[in-house]
Amino acid sequence: MSEFVLHCFGESGNSYKAALMLELSGCDWEAKWVPFFEGATRSPEWRESVNEMGEAPVLEHGDLTLTQSGVILDYLADITGKFGGETPAEKREIWRWILFDNHKFTSYFATLRFLVGIKKFPENPTTEFLRGRVVDAYKVVEKHLKGRDFLVAQRPTIADFSLAGYVFYTEETGLDRGALFPAISAWADRIASLPGWKAPYDLMPTKAG
Numbered sequence: 152m153s154e155f156v157l158h159c160f161g162e163s164g165n166s167y168k169a170a171l172m173l174e175l176s177g178c179d180w181e182a183k184w185v186p187f188f189e190g191a192t193r194s195p196e197w198r199e200s201v202n203e204m205g206e207a208p209v210l211e212h213g214d215l216t217l218t219q220s221g222v223i224l225d226y227l228a229d230i231t232g233k234f235g236g237e238t239p240a241e242k243r244e245i246w247r248w249i250l251f252d253n254h255k256f257t258s259y260f261a262t263l264r265f266l267v268g269i270k271k272f273p274e275n276p277t278t279e280f281l282r283g284r285v286v287d288a289y290k291v292v293e294k295h296l297k298g299r300d301f302l303v304a305q306r307p308t309i310a311d312f313s314l315a316g317y318v319f320y321t322e323e324t325g326l327d328r329g330a331l332f333p334a335i336s337a338w339a340d341r342i343a344s345l346p347g348w349k350a351p352y353d354l355m356p357t358k359a360g
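152 is the number of the first residue of the sequence shown in our numbering; add one for each residue after it.
Hints are supplied without guarantee of correctness; some may be wrong.
As the list claims (entries may be wrong) - With a cut-off of at most 30 Å between alpha-carbon atoms, the simulated DSS-like pairs for lysine-lysine come out as follows:
(1) K271 <-> K358
(2) K233 <-> K294
(3) K242 <-> K349
(4) K183 <-> K290
(5) K290 <-> K255
(6) K358 <-> K270
(7) K290 <-> K233
(8) K349 <-> K290
(9) K294 <-> K358
(10) K271 <-> K349
It is worth saying that the hints were derived from the structure and are not from the lab.
Work out the full structure, taking the sequences as your base and the hints as a guide.
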């Protein structure tokens, strides 16, 4: 059995954040598929025995079980000594971007992708609202990345992996990222060039087995 077990599914960008960190850190880990679209995380069994919040990812490491991608990233940075902050100021800055990611950068895009790219909902006031919020959040990151390679330091950190959770998915969302956000696109290319990088569906399963 592997040292780490990540409960995840291929379509989940939040799961990908943790999977990417495990892979790039060279951890001995395995993915355990979560049948999310079959309602697994909403079941009483999941909430009672795996994650009371009803979400993925969930990381198991020995007797420890962790939920929430930001917490998982922080834990892995601590125990591996990789991709974390090297000073208190860097650690605070990492958490500033992880919180922004969870509140705005990931949250709006993930919901838009689910509705438009996965469920194929027609355009409506909700999708228009979400797309506007996505653009606003992306503008913040685009401005920050101009003239720098990574978010916090001149090296990748878990802040980059957090915000990169959904940038490697190709489902149509009605946004031309390359045209609208060239700095973000260049940053994504730099992450994809890191030794050991793999795309979401190459790291995580979309079905059992």
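So which of those numbered hints doesn't the model satisfy? Numbers 4, 9 - these are the hints that the structure violates, sorted from lowest upward.
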